[in-house]
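Order-wise, the sequence lines are chains R and X.
Residues 2 to 411 in this note's numbering are what the first sequence spells out, letter by letter.
Residues 908 to 1271 in this note's numbering are what the second sequence spells out, letter by letter.
Misleading hints may appear alongside valid ones.
What the hints assert, rightly or not - Straight line, CA to CA, 30 Å or less: simulated DSSO-like cross-link-like pairs of lysine-lysine:
| hint | chain 1 | residue 1 | chain 2 | residue 2 |
| --- | --- | --- | --- | --- |
| 1 | X | K1185 | R | K280 |
| 2 | R | K307 | X | K1185 |
| 3 | R | K323 | R | K3 |
| 4 | X | K981 | X | K1115 |
| 5 | R | K246 | R | K43 |
| 6 | X | K1115 | X | K1018 |
| 7 | R | K43 | R | K359 |
| 8 | R | K14 | R | K3 |
| 9 | R | K14 | X | K1115 |
| 10 | R | K94 | R | K43 |
| 11 | R | K248 | R | K262 |
| 12 | R | K324 | X | K951 |
| 13 | R | K262 | R | K246 |
| 14 | X | K1170 | R | K323 |
| 15 | X | K1185 | X | K1170 |
| 16 | R | K94 | R | K262 |
| 17 | R | K173 | R | K43 |
| 18 | R | K43 | X | K1148 |
| 19 | R | K359 | R | K280 |
| 20 | X | K1115 | X | K909 |
| 21 | R | K280 | X | K1170 |
| 22 | X | K1018 | R | K262 |
| 23 | X | K951 | R | K306 |
| 24 | R | K359 | X | K1148 |
| 25 | X | K981 | X | K951 |
| 26 | X | K1185 | R | K14 |
| 27 | R | K400 | X | K1170 |
| 28 | R | K400 | R | K306 |
| 29 | R | K94 | R | K246 |
| 30 | X | K1170 | R | K306 |
| 31 | R | K400 | R | K323 |
| 32 | R | K43 | X | K1170 |
| 33 | R | K3 | R | K307 |
| 34 | R | K307 | R | K248 |
| 35 | R | K280 | R | K262 |
| 36 | X | K981 | R | K307 |
Said to hold, decoys possible - Sample of chain R residues with no beta-carbon within 12 Å of chain X, all distances over it, derived:
| hint | residue |
| --- | --- |
| 37 | K3 |
| 38 | F24 |
| 39 | T44 |
| 40 | E118 |
Rather than coming from a laboratory, the hints here were simulated on the basis of the structure.
Every residue, glycine too, gets a C-beta built ideally from N, C-alpha and C.
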Amino acid sequence: MKRFRLLLEFYQKSIIATLFLIFFMAASLFYLIDVLGYLGYKTYSLDMMDSLNLNNGVYAMPADAFDEQMNGYSPTYEELLSHEFPAIEMTVKPSHAYTYTPWNGGFYVNIVICDQEFINRFSFVDKGKWISQEDSSLDAPPQIVVGGFSFSGANVGDQLPFVVYDDTTGNKKTVHAQVIGIDREPTMYFALGSTSNEIAAHDIFYNTNNVVYMSRDSFIRMSGNDLSAQQTNFLVLFREGATIKEKTAVYDFLAQHGTYKTFQELRTTSQQTILADLKRELPLPLFMLGVSAFSMISISVLLTKKHLVDYRIYYLVGYSRKKSFGDTFCGILGMGGVACIINLLYLLFLNLHFSDLKSANSDRYYNYLVMNNSAVYIVLFLLISVFLSVLIPFSMLRKNSTIDLYRRPL
Amino acid sequence: MKLFSLSIFRIYGYLRYHRLTFILFFVGITLASFVFTYFYSNTKQVEIATAESRVEYRSYMLLLSENTPITEAKVHLLDSYGIKDVQIGCSVILNPDTLATQPDGAEDFIKVYALLHNGQSLSGDEGNPVMTEQQLSQTGLIIDKSYGNTRTEITVNGISFPVLGTTDNTGSTLQASFNTYMKFFAQADYLLFITDHVLTQREQAEVKEILYGAFPSIQTYVSPEYFMEADQSHSSESMGKVSFLYLISLLSFLFLFQYLQQKNYPENVIYCLTGCQKTSLFLIITMEILLLSGSACTLACLLHHRFYDIISEINITGSSFVYTINDYLLILSTTIILAFLSSIPFFFVFLRGTLSLQKTRYEA
């Protein structure tokens, strides 16, 4: 208690400056978390491409007629399949559906319906197992892999209810599906709906509150029909060793029927976007952190200078120099520590309430990913700034012996 | 002059007797000035856009209330200002079988467009030509793929045109060569003039007058002025944010200045005892603040200028904005004013109270 009161006295010498520093440092770190969240979303999308080994292929954007697009039918895709190009290993064109679950307060759910090739090629699961066509018997509940904040309370083995329309009666009915795997945060929705000359990784993998992966068989068993929506765009993955000539034949075909971007072009666009964002977003929080770190060094010196007068009395009544070092360190650590704790709590709050925040303020949090590694940067910043801040005060304490403190005017 | 000398003397005193505190304070305010100087260029949106010769700063768009007959002379109205390209468009009617492939309501937006110089500059100076040389020499239209990939002809306004090619994602529009357009349509409810450089405000006013004179049925007129005003407003907002950042940064270090001033209390007491007015004391401290913030900002500007090649690499403005001596002077004067404003609360603390109170404060 005595030490705590001494610690408080350390700040009382310049309480406004201390509070101001805490506020400024907390604001700088808060801003850094936001910028990292924004940039992290874009870089994570690019990392997804790497982790899924999407490096040899193209993102095709066929220009099919409007009515065909609306029916989810792509003549270009069908024609591409009929050509049986030797360069193509597989094509990826998942279907999507939308339904409602009354589970955990109720929310609408994005469903990605996977065909066999998709199931074999990809795996969006961190816990449990990935879906398969084989293990779904007619009696067993449909099997699903879930991801996103909305499903954060779900566990492998849980049976979750979904509301679907009963074709025979026209009424709603509740069907249960079994969770066999979980895609842990950050969860990206795999979607091929964007068409642009500037298509980037974050247009294919974008942030979502929830996603459910299931096989087509499971979907039909759950909903009683196959009414899913198909996106007109698709991925073409080349087989290893495909020659340039073979690939060119595919490029020519796609160019005749629309546009396409190779994965390399897509990657380049993503990198350019990230670089531009870095230049636009990062300098401000970095400068703010620089100023607040230097301000912390200055205020630490100021407080120590003011406190030296007290130390000459403390030393006389038996206070050791070691303790004075300890108090100074704790005092300096406390200033940065409060700012960091505020931001770590903010990060925790983001983790717990991100889906609520996103629905309440979608503009701010739509292109955003909660970057938990921001906590590492926060702690790192704290350690570095505290280390720099104690250097001068420690040398001041070391230089002035008790007798010096008495003799020299402070 | 006496006040100036006293201020210099006091600053010298800080450097001599409170070196560490003074150096920390000076480096701190130099850092704050450097941040201000760095972000200053981000507030100059209009200058950057002008330097980059952005297409929206060179575009003059007219929407007419209805299709109006147009002659070639009207397309060349602004040639004396240096024209890069002119796009003209008119609403057309498609025959029912073609329209059936379009979404409901699309008939209201179906237009034929043509470009005087084939659109090489529409999306910047390195834009791609819209039509090939062969397509330009033929009579026909380029259609969007949403009309169907295999279509060989299309009927527009009751006239059948061969399909010269297809494009995608152009929103149901049709493209004709300039000659075809003038021969078969020769009317417009949309015009876009793109100059080859950004015109001065006076020239922009002249252009507006010419266009309103030539096209009395203008419903909407969008000129660079519109984008410049929007950018200017954005710039003012950015300047406010940067100034706020500077103020906050400066306040972080003014506590050190307050400490230095506290060390000057005995000196202030002596000044007052020898007849110095509080106003004069206020002026001395003000002079100190101005001298210190001014020299810190000068140092920051010199560093910024010296390392501009590296700094411009990491800034979004890149090399589009070059700092002139006027910019640095503006930065200097702004920082001095802001420094003065931010130190006002501290003045009240220093100058409040009697001589004995100041003495007591120092001894405490």
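How the hints compare with the structure:
no.	hint	result
1	X:K1185 with R:K280	49 Å, violated
2	R:K307 with X:K1185	27 Å, holds
3	R:K323 with R:K3	16 Å, holds
4	X:K981 with X:K1115	14 Å, holds
5	R:K246 with R:K43	33 Å, violated
6	X:K1115 with X:K1018	25 Å, holds
7	R:K43 with R:K359	17 Å, holds
8	R:K14 with R:K3	17 Å, holds
9	R:K14 with X:K1115	65 Å, violated
10	R:K94 with R:K43	23 Å, holds
11	R:K248 with R:K262	13 Å, holds
12	R:K324 with X:K951	53 Å, violated
13	R:K262 with R:K246	17 Å, holds
14	X:K1170 with R:K323	29 Å, holds
15	X:K1185 with X:K1170	17 Å, holds
16	R:K94 with R:K262	16 Å, holds
17	R:K173 with R:K43	39 Å, violated
18	R:K43 with X:K1148	26 Å, holds
19	R:K359 with R:K280	25 Å, holds
20	X:K1115 with X:K909	58 Å, violated
21	R:K280 with X:K1170	43 Å, violated
22	X:K1018 with R:K262	29 Å, holds
23	X:K951 with R:K306	43 Å, violated
24	R:K359 with X:K1148	26 Å, holds
25	X:K981 with X:K951	36 Å, violated
26	X:K1185 with R:K14	27 Å, holds
27	R:K400 with X:K1170	21 Å, holds
28	R:K400 with R:K306	12 Å, holds
29	R:K94 with R:K246	24 Å, holds
30	X:K1170 with R:K306	12 Å, holds
31	R:K400 with R:K323	13 Å, holds
32	R:K43 with X:K1170	52 Å, violated
33	R:K3 with R:K307	20 Å, holds
34	R:K307 with R:K248	74 Å, violated
35	R:K280 with R:K262	25 Å, holds
36	X:K981 with R:K307	79 Å, violated
37	K3	23 Å, holds
38	F24	9 Å, violated
39	T44	18 Å, holds
40	E118	26 Å, holds
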